[in-house]
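Using the hints provided, position chains B, C and D relative to the given structure of chain A.
Those sequence lines, one after another, are chains A, B, C and D. Numbered according to numbering that gives the first Met the number 0, the first sequence spans residues 0 to 345. Numbered according to numbering that gives the first Met the number 0, the second sequence spans residues 0 to 345. Numbered according to numbering that gives the first Met the number 0, the third sequence spans residues 0 to 345. Numbered according to numbering that gives the first Met the number 0, the fourth sequence spans residues 0 to 345.
One or more of the hints may lead you astray.
Put simply, identical chains are the same to the list, so a pair is met inside one copy or across any two.
Computed list of lysine to any residue pairs in SDA-like fashion (alpha-carbon distance at most 25 Å, straight line) [said to hold, decoys possible]:
1. K55 <-> R339
2. K250 <-> G204
3. K188 <-> I37
4. K24 <-> D257
5. K259 <-> I51
6. K24 <-> P333
7. K163 <-> T302
8. K250 <-> K300
9. K264 <-> Y36
10. K111 <-> L270
11. K2 <-> N60
12. K40 <-> V341
13. K188 <-> D276
14. K163 <-> D43
15. K300 <-> V189
16. K118 <-> E136
17. K55 <-> L270
18. K225 <-> R301
19. K188 <-> Y203
20. K267 <-> Q50
21. K104 <-> T302
22. K40 <-> A187
23. K225 <-> P76
24. K300 <-> E216
25. K24 <-> E334
26. K264 <-> I51
To be clear, the hints were calculated from the coordinates, so they are not data collected in a lab.
Number of protein chains: 4
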Amino acid sequence: MIKVGIIGATGYAGAELVRILTGHKDTRIVWYGSRSYIEQKYADIYRNMFQIVDTKCLDDNMEELAGKADVIFTATPQGFCASVINEDILSKTKIVDLSADFRIKDVEVYEKWYGIEHKSPQFIKEAVYGLCEVNREQIRTARLVANPGCYTTCSILTAYPLAKEGIIDMNTLIVDAKSGTSGAGRGAKVPNLFCEVNENIKAYGVASHRHTPEIEEQLGYASGEKTVINFTPHLVPMNRGILATEYASLKKDVTAEDVKAVYDKYYKDELFIRILDEGVCPETRWVEGSNYVDIGFKLDKRTNRIIMMGAIDNLVKGAAGQAVQNMNLMFGLPEEEGLRLVPVFP
Amino acid sequence: MIKVGIIGATGYAGAELVRILTGHKDTRIVWYGSRSYIEQKYADIYRNMFQIVDTKCLDDNMEELAGKADVIFTATPQGFCASVINEDILSKTKIVDLSADFRIKDVEVYEKWYGIEHKSPQFIKEAVYGLCEVNREQIRTARLVANPGCYTTCSILTAYPLAKEGIIDMNTLIVDAKSGTSGAGRGAKVPNLFCEVNENIKAYGVASHRHTPEIEEQLGYASGEKTVINFTPHLVPMNRGILATEYASLKKDVTAEDVKAVYDKYYKDELFIRILDEGVCPETRWVEGSNYVDIGFKLDKRTNRIIMMGAIDNLVKGAAGQAVQNMNLMFGLPEEEGLRLVPVFP
Amino acid sequence: MIKVGIIGATGYAGAELVRILTGHKDTRIVWYGSRSYIEQKYADIYRNMFQIVDTKCLDDNMEELAGKADVIFTATPQGFCASVINEDILSKTKIVDLSADFRIKDVEVYEKWYGIEHKSPQFIKEAVYGLCEVNREQIRTARLVANPGCYTTCSILTAYPLAKEGIIDMNTLIVDAKSGTSGAGRGAKVPNLFCEVNENIKAYGVASHRHTPEIEEQLGYASGEKTVINFTPHLVPMNRGILATEYASLKKDVTAEDVKAVYDKYYKDELFIRILDEGVCPETRWVEGSNYVDIGFKLDKRTNRIIMMGAIDNLVKGAAGQAVQNMNLMFGLPEEEGLRLVPVFP
Amino acid sequence: MIKVGIIGATGYAGAELVRILTGHKDTRIVWYGSRSYIEQKYADIYRNMFQIVDTKCLDDNMEELAGKADVIFTATPQGFCASVINEDILSKTKIVDLSADFRIKDVEVYEKWYGIEHKSPQFIKEAVYGLCEVNREQIRTARLVANPGCYTTCSILTAYPLAKEGIIDMNTLIVDAKSGTSGAGRGAKVPNLFCEVNENIKAYGVASHRHTPEIEEQLGYASGEKTVINFTPHLVPMNRGILATEYASLKKDVTAEDVKAVYDKYYKDELFIRILDEGVCPETRWVEGSNYVDIGFKLDKRTNRIIMMGAIDNLVKGAAGQAVQNMNLMFGLPEEEGLRLVPVFP
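Chain A with its partners taken away, still in its complex shape:
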């Protein structure tokens, strides 16, 4: 039994970790960390867990937790993990960090986009970027995994094979993404109130959203070129789901069959990536509650562009599901253990 500690267990991503791990046969949660709800029963905060989880929330003492857990998930705001991590902790336990602290290899880029000083740059190099389908082998042996962001997971996986194979002109890539509101977190802020989000759609963080450099770095590795993109997130009045609509000019004269073959080359054996039949557009409802990434595309001969579309559940493949997938890899478990979640519809 793998002993799991969660820091930030009462955020939406943390709660999704609890939901998924409750159905994981090889793990036991030993620490429900939540600075805001110390000493309160976890099931009083998330009443779906009534009679399922019978324990109280603890603080975020990583030192103590490192001695008790085989793996720690930090589902915490930017800067937390970097501020507490040290060699002693890493010598005792593995860490899957759901924040951005160790995703970006260039510390200056991190500090510029996030506006905070990185407190543990010495671990950045060691950290493995936990996009399982791309970095599977390095993850297996990692002590510290940087779990990718929700928008980034969707945006990267949707374009990755075409970037890798040089099919698309990376300088033309535009990612127009749409997210459910759980991505905004559980903080009590006026813009996230029901009446402010419902019956509305808006863009935000235009040309400045923090997931931009993460997408650029990873697609840069894939394409072998410096990649600078437009990334525009939008807030959608729904709980879960991200849809990324991506546009790029074609560098080669390809048919739909060619493109399909490229996707299949990379994803055919991936359990959690489903390449849709031609002409089928992914929809967030079809992946809700599951770890799937659904990908579709359309060639437009009129503009010589390809429109790629990817859909995920932001809390599963975009956060907790991928974190568990990473944990499975790190501990030599079947990668899909605990993640055979059938999408819930309607």
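For chains B, C and D alone, kept in the frame of chain A given last:
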């Protein structure tokens, strides 16, 4: 491996059966019946099942299906099951009927409220009303189970212990129920369009809804008295969930502890019924996607009434989940097999 | 031109006052009071008002405001109006208080249900309860109007004629009410976040909601009997709208025509009350954005009860619209000035 | 008093015409045409109009209607207006066609994208494209106005000044648009059911949506260049609103002030177009129920692109509101008559 046939597999309840049975380790679905989509791939209708279910829809030939399946779920409109069932079929297979055809023992009551002739009244007596927590033993040996309605499951279980113990005056019982829109089915009707349901709440079927006599019959058995109630359903702009708010005058001078003890007497060992702590109101979000019934109550000394509240997921405990629970009982499997579904939130 | 001051102009009710008064030909808003946003442009908070309202928010200095405005709307939390009102202010200006401070005549009842001390009980007697269709004449000459609550407006008007005419047994009255989320206000609280409200329905304040004594007092006046009711509010995932479903036993043997005649007796000439045709249930969508109250009913011979249903827009007839209707009466304007708002659907 | 006939009065756009014209002081609706509801009371279909509209639905006899109405709005499916229009009708009445029949000047382009034969190509040249802010003068004298599509109104107006002034490279223009569900119409179709749309976002009509050539034609006129774009519509779980997020490479080295000046040059005096302050993103909630177009933009020096964003209410500026604005122009009325609708929030 139990071979399962589903008639009506592309309705919302049928699709939920597919979702649940996909995670059930002792069953295999051998027949996805759907009159509307014959010969189409099931996963083309419910794309969440892409790469999970790889088969086509079939017709609703019960005779043929009876020879192939150990159990048939009929998730069909009123009248269908009664019109096709016969001794030959029942001699070959078990049936869990999700329609109302065999729920009401008095055929005249059925015909009056449903406005159709009952085509197989000879099987009404044999049919067991599949409210598992109440009729568990009879269900184990049944050939034909009448799976309760969604509103009725919630309404009955919420009041049952107090009716049984004579705590409440049955003549004063009022059930004000609120349902998500999946309860209205997947038929293409204007009143169920997004723009018609969204940003709205309404009552419907006031003093005439078909679930009324079913609640009355079962609570009549529980209380030992003829029970005539007001039942008012409302349509809520959400996908899933039923909340029943029930009012009744108290026949005895009871404390909250007394009432809690009565609920515990009947439900303490029930895995799927959760009696909430005092002062906690059930909410549909805490049971979404699961087979739980959450029940809370409040005594009002000012009016000498008790307000009972129950919440279920209408597609799970209110339809497919309870149907599988019935199947498990009928086949001697652990009652919760396939049903340890953790509620999904948010 | 009537000069209007609004205290609490950036809450949802205050903002609705701004919207309505923008279309009122006899008023001019001279004071947008908002303690939280002093010195900020009003249109930066409510961007729908961009290029419509071009002024900044001010504080809540009632003394100063009284010298500048002909009428003040206090759309503020409980206790504010009572804590600042005095004879000097009332000698200079009229007040329509949208809080509960002056709704309840018995100060002990107020203090018990609201849990705060009433700071100006000397004005309670003078204050007129601003339910326009009931207290029209007194409102015309009032200096201080207590604008009714949203739930109460809907609950009272739906039952009022039957209470007044002795048709229903007041001891059996049960009000099961459902409200959109704008009724919860614009405060940044976790329970009102989008993901907490969406895809959910719950009861709250069961047997203890503060609107209860207000309904009881007014229906007590109507029926001439002490009235004690059950009132249960529910939170619905929609922005606007209240639906009250009310149950009562009949004291007389009446037909639907009789009941219709009673409603017509009181409401036939009321512009803002629409008695629906028999069998038609009110729905919140049909009154959204308007000052209408839609009322329907159903007799149930089986239980000898009547089910009455009323629907309003909680921000209009339940708050700002009724406040403007009161103002119109107080200033001798046509009662419907500024309120001929056609419901917006979808 | 201008006598107005509406064909298609029970669709969402038709109903919005009714709502708006109800508040228009110079018009009277003489014909509520609705093939599906002939002889039914209009207020029985749209109950928001109870006691406001007291008349029955009529058929779609344009010949007869032409003799009775000064102007006819055809809020009908593609092909209807073209199939019934003739010189006799146009000699008696003016027509504002809300369908696509007369929007596209090249009949071959129309027939290719819409897949139907154009039955009255002889009137295409005469028809004026009713984008009021662009073609105001021609509209004043038109007999036949082709009211622009919802997506197109938003997409064109958002980019128009920059296209006209040669700021953006038209070959790089990408329009990623998001629409509320009322844009899908009131037809009873499974994909538009509440449970299918709610909690979901999807793209549709990728690289093939019929509004594409309309946008291309108009922006081609503006830029003076043949314009071929990518246009991708998405369906959002909300009733109303369109947000267009548009991307284009810059042809000139411009500052935000330069761009703002360009927008101001064209729109400063336009009542219904609001250019937002720098850094402010338009949101559909701020224009809901109104005829406004809110436009914002962001320069991205990293990619040398501009991101333009526009928001409208698809039923108002995207359909009925603009149709009334066109009517006002055609009859020499103040352009904003009946259209001073303050956006409704929340």
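Hints and how they fare:
no.	hint	verdict
1	K55 <-> R339	between (28 Å within a copy, 22 Å between copies)
2	K250 <-> G204	between (30 Å within a copy, 24 Å between copies)
3	K188 <-> I37	both (21 Å within a copy, 19 Å between copies)
4	K24 <-> D257	neither (41 Å within a copy, 39 Å between copies)
5	K259 <-> I51	between (43 Å within a copy, 20 Å between copies)
6	K24 <-> P333	both (11 Å within a copy, 18 Å between copies)
7	K163 <-> T302	both (22 Å within a copy, 21 Å between copies)
8	K250 <-> K300	both (13 Å within a copy, 24 Å between copies)
9	K264 <-> Y36	neither (47 Å within a copy, 33 Å between copies)
10	K111 <-> L270	neither (36 Å within a copy, 41 Å between copies)
11	K2 <-> N60	within (16 Å within a copy, 51 Å between copies)
12	K40 <-> V341	between (29 Å within a copy, 18 Å between copies)
13	K188 <-> D276	between (41 Å within a copy, 23 Å between copies)
14	K163 <-> D43	neither (47 Å within a copy, 30 Å between copies)
15	K300 <-> V189	neither (45 Å within a copy, 31 Å between copies)
16	K118 <-> E136	neither (28 Å within a copy, 63 Å between copies)
17	K55 <-> L270	between (35 Å within a copy, 22 Å between copies)
18	K225 <-> R301	between (27 Å within a copy, 12 Å between copies)
19	K188 <-> Y203	both (15 Å within a copy, 22 Å between copies)
20	K267 <-> Q50	between (40 Å within a copy, 11 Å between copies)
21	K104 <-> T302	between (35 Å within a copy, 22 Å between copies)
22	K40 <-> A187	both (20 Å within a copy, 23 Å between copies)
23	K225 <-> P76	neither (29 Å within a copy, 49 Å between copies)
24	K300 <-> E216	between (29 Å within a copy, 18 Å between copies)
25	K24 <-> E334	both (13 Å within a copy, 20 Å between copies)
26	K264 <-> I51	between (42 Å within a copy, 21 Å between copies)
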